[in-house]
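Peer 1: If you want the building blocks of each chain, they are given just below.
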Amino acid sequence: MSDAVSSSIPYRRFGNRTILPGFHLSLGYTLIYVSLLVLIPMAFLVAKVFTEPFAATWAKITSDRAIASYMLSFGASGIAALINGVFGFIIAWVLVRYEFPGRRFADAVVDLPFALPTAVAGISLAVLYGKNGTFGEWVHWAVGPEAWRAGWATANSNIGVTIALTFIGLPFVVRTLQPVLEDLSTDIEEAAACLGATRWQTFWRIIVPAILPAWLTGMTLAFGRAVGEFGSVIFIASGVIGRGEITPLVIYTTLEEGLYSQAAALGAVMLVFSFLILVVVSLLQAWNGRVTGSASV
Amino acid sequence: MKFRALSLSPLRRAVAVIAAGLIAVSSASVVTPACAAEEPDQILNASFDVARELYGDFSTAFSKHYKATAGKDVKVNLSFGGSSKQAKSILEGMQADVATMNQETDIATLADKDYVAKNWRTRLPDNAAPMTSTIAILVRKGNPKGIKDWADLVKPGVELVIPNPKTSGNGRYTYLAAWAYTLRSPGGDEAKAQAFVTTLFNNVVVLDIGGRGATTSFITKGQGDALLSFENELLLITKKTNPGQYEIVYPSVSILAELPVSVVDTVVDARGSRKLATAYVEYLWSPEGQRIAASHYYRPRNKEIAEENKELFASIPLVSVDDVFGGWPKAFKTHFGDGGLFDQVYKKK
Amino acid sequence: MATSATTLEPAPPQEAPRRRRIPRKATTEPLWVRLLLITIAVGFIAGFLLMPLFIIFKESLLKGIRVYYDALENPHAVSAIKLTLLTAAIVVPLNTLFGVAAAWAISRFSFPGKRALVTLIDLPLWVSPIVAGLMFVILFGRQGLLNSLFWSGGKQVFPILFEPAGIVIATLFVTFPFVARILIPLMQAQGSAEEEAALTLGARGWQTFVYITLPKIKWGLFYGIILCNARAIGEFGAVSAVSGHIQGLTNTIPLHIELMYNSSQMEAAFALASILSMLALLTLVLKSFFGWQAERQAKEALESTP
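Going down the list, the sequences are from chains Y, P and A. Letter by letter, the first sequence follows residues 24 to 320 in my numbering. Letter by letter, the second sequence follows residues 13 to 361 in my numbering. Letter by letter, the third sequence follows residues 178 to 483 in my numbering.
FYI, nobody ran anything at the bench for these hints, they're computed from the structure. The C-beta atom is built at its ideal place from N, Cα and C for all residues, glycine as well. It cannot be assumed that every hint is accurate.
Ranges of calculated distance between the beta carbons of each label pair, as one might list FRET restraints [stated by the list, open to error]: (1) Y/A82 x A/A293: 39 to 49 Å; (2) A/L326 x Y/W81: 21 to 31 Å; (3) Y/T74 x P/P341: 36 to 46 Å; (4) Y/L299 x P/K345: 34 to 44 Å; (5) Y/W310 x A/P392: 53 to 63 Å; (6) A/K240 x P/E319: 17 to 27 Å; (7) A/L238 x P/E300: 34 to 44 Å; (8) A/V334 x P/N155: 51 to 61 Å; (9) Y/I63 x P/D69: 56 to 66 Å; (10) A/A293 x Y/P202: 48 to 58 Å; (11) A/L326 x P/P341: 50 to 60 Å.
Mimicking DSS-like on lysine-lysine, the simulated pairs with C-alpha atoms at most 27 Å apart in a straight line are [unchecked claim]: (12) P/K76 x P/K359; (13) A/K291 x A/K393; (14) A/K332 x P/K130; (15) Y/K154 x P/K315; (16) A/K291 x P/K287; (17) P/K315 x P/K251; (18) P/K87 x P/K76; (19) P/K87 x A/K464; (20) A/K393 x P/K87; (21) P/K153 x P/K252; (22) P/K125 x P/K322; (23) P/K252 x P/K315; (24) P/K167 x Y/K154; (25) A/K291 x P/K251; (26) P/K157 x P/K287; (27) P/K167 x P/K204; (28) P/K125 x A/K240; (29) P/K322 x P/K160; (30) A/K476 x A/K464; (31) Y/K154 x P/K251; (32) P/K125 x P/K342; (33) Y/K154 x A/K235; (34) Y/K154 x P/K160; (35) A/K259 x P/K252; (36) Y/K154 x P/K359; (37) P/K322 x Y/K154; (38) P/K359 x P/K204; (39) P/K76 x P/K204; (40) P/K252 x A/K240.
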């Protein structure tokens, strides 16, 4: 993304030789700020992990409880990302292509999960999907108490966690797809139609390949955010192993137990994962840049 | 040349800007009154999750009492959280003058690291615990599942809400009470106790981090058939917040929960607040303090005040951690330590 | 430039003639498909996004307006609101300054490790808030590796951990990418031709920045600030780890909401939540407006410098 632009500006070694001022000031400030706020704290988190015997740390991050929580965190985030992939696409498509009353309002509301504080979303979802809540009551009535108990509960359960993670991830998919869909020229679709393609064929052969990188990027972003999510999910999660206990909650519980170095070890696992997500996202964005031929971030 | 000369100083300017930023950040905290230098008129009490109402009321009463006796306006700040987390926060530097916990180990941790004098348990009366409680069972009105004792809780289809023993005192006492119940049953031994507790925790649907969270799950979210928590928390529900909707079931045997308190010596010495903090802690044993405890459904130590409130608290046999488990340090290590028995009991289904 | 603005500005009128030009619907779906998709989209937004918002206002007013006001007038709630506002007032300017500096360095100059720096700036968005908070507890804690630096005589040298400053620092971490992330692509798209021209004509560095750059990035800057502010006010996980949860001193609004919620004081929790929700709605309105303006600026830049 930065290459596309920097190539339009003549390459300069270390910013000298340019008439633009402020290179040392701005870069120096940036580097000091990033070091103080990100690098140093992270380094100490990792250092904390290694102050303990490695065997104990390893036992903690590979314990049944930890592994069950990774599976739930990744599983629920994955399912949430897929749900968002489907509905996010429909919403983005409808917002870009169709005209209907309230479109602008709907467009603005999509960002609600970004704007709403996580704790606020958390208590609201917990009430809404709890056994006594509007939606929870419906589901409880629809599936019956037995099935509710067996795992169909919408609160304090894996389903509840998935619902909360879907809530926070939606804008990522919609907001990454929207600009790509807007830039998609209808000329190719027209041409396809002229050549006798059905609308469905046009969709699969023309539209999907063009938006696929952005689609995957959006879903990866939603996934990455969901894995680390804390505030909106803990109120609807539960501490029961394998039933609503996500990794951030295990970290929180471990913190509450006062076992800081174990919490740090689990935190380090999450950090490694955050890096992986970042790498995948930047690869996807590079692909997206090639497909759409534009420098988008 | 001119550019080079200019371009170096901005780096220093950047450093200056950062420094200014950090000063701004730290000065934000200086304006708060938490770090008054001498003769502090504020103290901080770090307490456990469900003690909010008790220590809220007690602190107001103490401020009034202190004004009347010492002629000084004081403010007690309160922090609530999981008992063990509060202890750990104090270790990490939370400036709590007083620690009011729900089990001995949380203050013992502080004593181990010399934050609290080693003799903390004997320098105050009653093992430094001005009040006690026990674990009881809360069921929905009419007791639809017919729960009468511990044995009824392990039946298939009974759903339980218990605070997490890893993070909360209520959870630990519940676990130990169930364990003690099996030991006392005919033919009960350690193996049977472990099997019983395993079945018990298999019936748990929500394992909340703190006691109050468990209450919210049971009452507000309607989860589970029975809530196991401190007697005072359950009485608060049946007497005050939701009268007539729930019933308390006392099991045939339960556990004596001593709720210890201490002044945090390192903090009061550093802040110069020992006099005030000690007065606060000792006031818990005064008739006024004991009455406040009873009014929040904690069992008072004071005999007369206990007698006044005797219809409130069912008299059932209570075993102590010292008698059955050889004291808290041992019980904690065997059961709740990392890789302890609870970790074996509580596994993924 | 003026012409490109007029062709780009009104989005809906542009779509109308396009549809009239193709009455055959070769590039759209049958009516029933369109209706179905619109229904699904609107239904999903209403049920999944608007319903939780509605519940907040409903629950907060369940016991009447009196209880609602009482909850907001509670001294602990008031001090939580004050602390949250103070935090945002410190964090937002600092991160705005950082965002502008980082965007300037990254979009205007080439240097080795630029990509790594951009990645690093993005990282806080993907770090779990609870891990972020934990990092600072470990860094500043008395049992930490740096205890000799931050602690002396049982007291903190600078009161950070379990004090408001800790909350500020944790919030600083979780919100610092927002302004930079918005400005970097915007400034890259705009290029530096105008700044270079101004400098060649004899303008000073700061003049160039204030009169040329700032107006160009204005809307993007506002957009970033709004996002940064929303997150700063609403941050929960990171702040929860570094706060001592001392009522009236180190509880922010979200922490106070959690406390009220877990104290079975639902109305109080939701009353404060409704305040934050109104703020979120205001954020949405401003965000839509600023975002639209910023997009226009970026597009203008792309059009004018092909």
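Peer 1: Run every hint past the structure and note whether it holds.
Peer 2: Verification of the hints:
| no. | hint | verdict |
| --- | --- | --- |
| 1 | Y/A82 x A/A293: 39 to 49 Å | 33 Å, violated |
| 2 | A/L326 x Y/W81: 21 to 31 Å | 30 Å, holds |
| 3 | Y/T74 x P/P341: 36 to 46 Å | 24 Å, violated |
| 4 | Y/L299 x P/K345: 34 to 44 Å | 38 Å, holds |
| 5 | Y/W310 x A/P392: 53 to 63 Å | 35 Å, violated |
| 6 | A/K240 x P/E319: 17 to 27 Å | 38 Å, violated |
| 7 | A/L238 x P/E300: 34 to 44 Å | 39 Å, holds |
| 8 | A/V334 x P/N155: 51 to 61 Å | 58 Å, holds |
| 9 | Y/I63 x P/D69: 56 to 66 Å | 44 Å, violated |
| 10 | A/A293 x Y/P202: 48 to 58 Å | 26 Å, violated |
| 11 | A/L326 x P/P341: 50 to 60 Å | 33 Å, violated |
| 12 | P/K76 x P/K359 | 50 Å, violated |
| 13 | A/K291 x A/K393 | 23 Å, holds |
| 14 | A/K332 x P/K130 | 21 Å, holds |
| 15 | Y/K154 x P/K315 | 44 Å, violated |
| 16 | A/K291 x P/K287 | 58 Å, violated |
| 17 | P/K315 x P/K251 | 23 Å, holds |
| 18 | P/K87 x P/K76 | 10 Å, holds |
| 19 | P/K87 x A/K464 | 43 Å, violated |
| 20 | A/K393 x P/K87 | 52 Å, violated |
| 21 | P/K153 x P/K252 | 15 Å, holds |
| 22 | P/K125 x P/K322 | 39 Å, violated |
| 23 | P/K252 x P/K315 | 25 Å, holds |
| 24 | P/K167 x Y/K154 | 22 Å, holds |
| 25 | A/K291 x P/K251 | 64 Å, violated |
| 26 | P/K157 x P/K287 | 52 Å, violated |
| 27 | P/K167 x P/K204 | 16 Å, holds |
| 28 | P/K125 x A/K240 | 48 Å, violated |
| 29 | P/K322 x P/K160 | 22 Å, holds |
| 30 | A/K476 x A/K464 | 18 Å, holds |
| 31 | Y/K154 x P/K251 | 24 Å, holds |
| 32 | P/K125 x P/K342 | 18 Å, holds |
| 33 | Y/K154 x A/K235 | 17 Å, holds |
| 34 | Y/K154 x P/K160 | 25 Å, holds |
| 35 | A/K259 x P/K252 | 32 Å, violated |
| 36 | Y/K154 x P/K359 | 26 Å, holds |
| 37 | P/K322 x Y/K154 | 37 Å, violated |
| 38 | P/K359 x P/K204 | 17 Å, holds |
| 39 | P/K76 x P/K204 | 52 Å, violated |
| 40 | P/K252 x A/K240 | 17 Å, holds |
Of the numbered hints stated above, those contradicted by the structure are hints 1, 3, 5, 6, 9, 10, 11, 12, 15, 16, 19, 20, 22, 25, 26, 28, 35, 37, 39, listed in ascending order.
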